[in-house]
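Asks: Sequence:
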Amino acid sequence: MTETIPLTATDDVTTGELLKSVVDEVTTADTQSALTNNYAPTAGRVAEVTSTGTVYVGDGSAWQTAASLVGLESNHVWRRAGPATANTSVSDQGIIQAVDTSGGTVTVTLASAMVEDGAEIIVKDEAGNAGTNAITVDTEGSESIDGSASATIGSNYGVLRLYSDGTDWYTR
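Counting in our numbering, the sequence shown runs from 1 upward without gaps.
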């Protein structure tokens, strides 16, 4: 049995919301044991829900599970480090680097070894002094941060959330 689910994607609908709508529809379907749904939410993209409830998204020839596309992680835990009161280096991803600049400016250097696709780090002014004593986030090597050599937190309680594409860093 094949059932069509009418669903229209717009610029305001994220991939996660779109897939949640599909899963919600599948879980309420009377014929779930024999259900296979095909539809095109956006041009060139196809989603399929199998009889086991797995959602696949692809172009008709290359398929990925929906979970891999929306980056679902069941065991991701951020770890806090610091607060750093002097210049420090970060060499591990998944860190919330707390910083206290009450004694002066602090530079947080991101180690080249941790630059990998999907790596993330957060740098946070926990003491609320970056408006007076800025926090500079720098890279160890030739990597850039949003195309620049460094980034600055210059507001009290400011934060930078960074992710890597495997070559450079970008702010979120």
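Watch out, some of these pointers could steer you wrong.
As the list claims (entries may be wrong) - Using C-beta positions, here's what the derived DEER-type ranges look like:
1. G104 with D165: 17 to 23 Å
2. T167 with G103: 19 to 25 Å
3. G166 with G103: 33 to 39 Å
4. E116 with N156: 27 to 33 Å
5. A149 with V77: 27 to 33 Å
For the record, the hints were derived by calculation from the structure and aren't laboratory data.
Note that CB positions come from ideal geometry on N, CA and C, so glycine has one too.
Asks: Check each numbered hint against the structure and report the violated ones by number, ascending.
Replies: 1 and 2
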